[in-house]
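Chains as they are written, first to last, in our numbering: chain A, 96 to 210; chain B, -5 to 103.
Certain hints may be false.
Here are the in silico distance ranges between beta carbons for each label pair [said to hold, decoys possible]:
| no. | chain 1 | residue 1 | chain 2 | residue 2 | range |
| --- | --- | --- | --- | --- | --- |
| 1 | A | Gly123 | B | Gly53 | 19 to 29 Å |
| 2 | A | Gly98 | B | Pro8 | 31 to 41 Å |
| 3 | A | Glu163 | B | Pro8 | 24 to 34 Å |
| 4 | B | Ser63 | A | Gly135 | 26 to 36 Å |
| 5 | B | Glu51 | A | Thr210 | 46 to 56 Å |
| 6 | B | Lys(-4) | A | Ser133 | 15 to 25 Å |
| 7 | A | Thr171 | B | Lys95 | 23 to 33 Å |
| 8 | B | Pro75 | A | Arg117 | 15 to 25 Å |
Everything labelled a hint here was simulated from the structure, so no lab data went into it.
It should be emphasised that the depicted structure is a prediction, and the values quoted were computed from it without experimental measurement.
Beta carbons are placed, not taken as given, at the ideal position from N, Cα and C, and that holds for glycine.
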Amino acid sequence: GAGVSQSPSNKVTEKGKDVELRCDPISGHTALYWYRQSLGQGLEFLIYFQGNSAPDKSGLPSDRFSAERTGGSVSTLTIQRTQQEDSAVYLCASSLVARGGGEQYFGPGTRLTVT
Amino acid sequence: QKEVEQNSGPLSVPEGAIASLNCTYSDRGSQSFFWYRQYSGKSPELIMSIYSNGDKEDGRFTAQLNKASQYVSLLIRDSQPSDSATYLCAVQANSKLTFGKGITLSVRP
């Protein structure tokens, strides 16, 4: 079946602009996760959703970052007033369940470059 | 701070050899353990999951877990040049995955 999809695959934006990144999880997966991977860095957890609610937002770096999920499916990560340090690959993953060993499958990512 | 540590690497092995990748974690409450493979410029790909102490084999891959020692490893038998990638150890407690920084494996033809 279809895997996790993300759009756009690449985004170049000017500092100070807002951007929206989209994730479409595997059909039937109730949990959805956002991560960020900067050059040479590990995967940094941002936020996860179980259904439409976000029990853990602890990884969001600042209040410029927000995310929502509607209909238990598609999620959007929004970054307001982008800064150069926001440049990274933003990865989305989904799993059947959030707890107890839910294997996470990643999408191809969105490469964000802030100029 | 919950941590996942991997050998800094890089690791280089000849084709056909066994590659051994190691990982330790700090949270004793961790329940699930995963290995991901990431090729350059690509997203992580799940290759192994393990949930109980002991060994789990899948083809040329064997994952080993020792919860008492807080240690998980991945063995790759008969290494191939196509195995050259960065391998990420990930540990789950409750709902959150914590990743190690990864180790880069190079398999020499």
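Which hint numbers does the structure go against, in order from smallest to largest?
3 and 8
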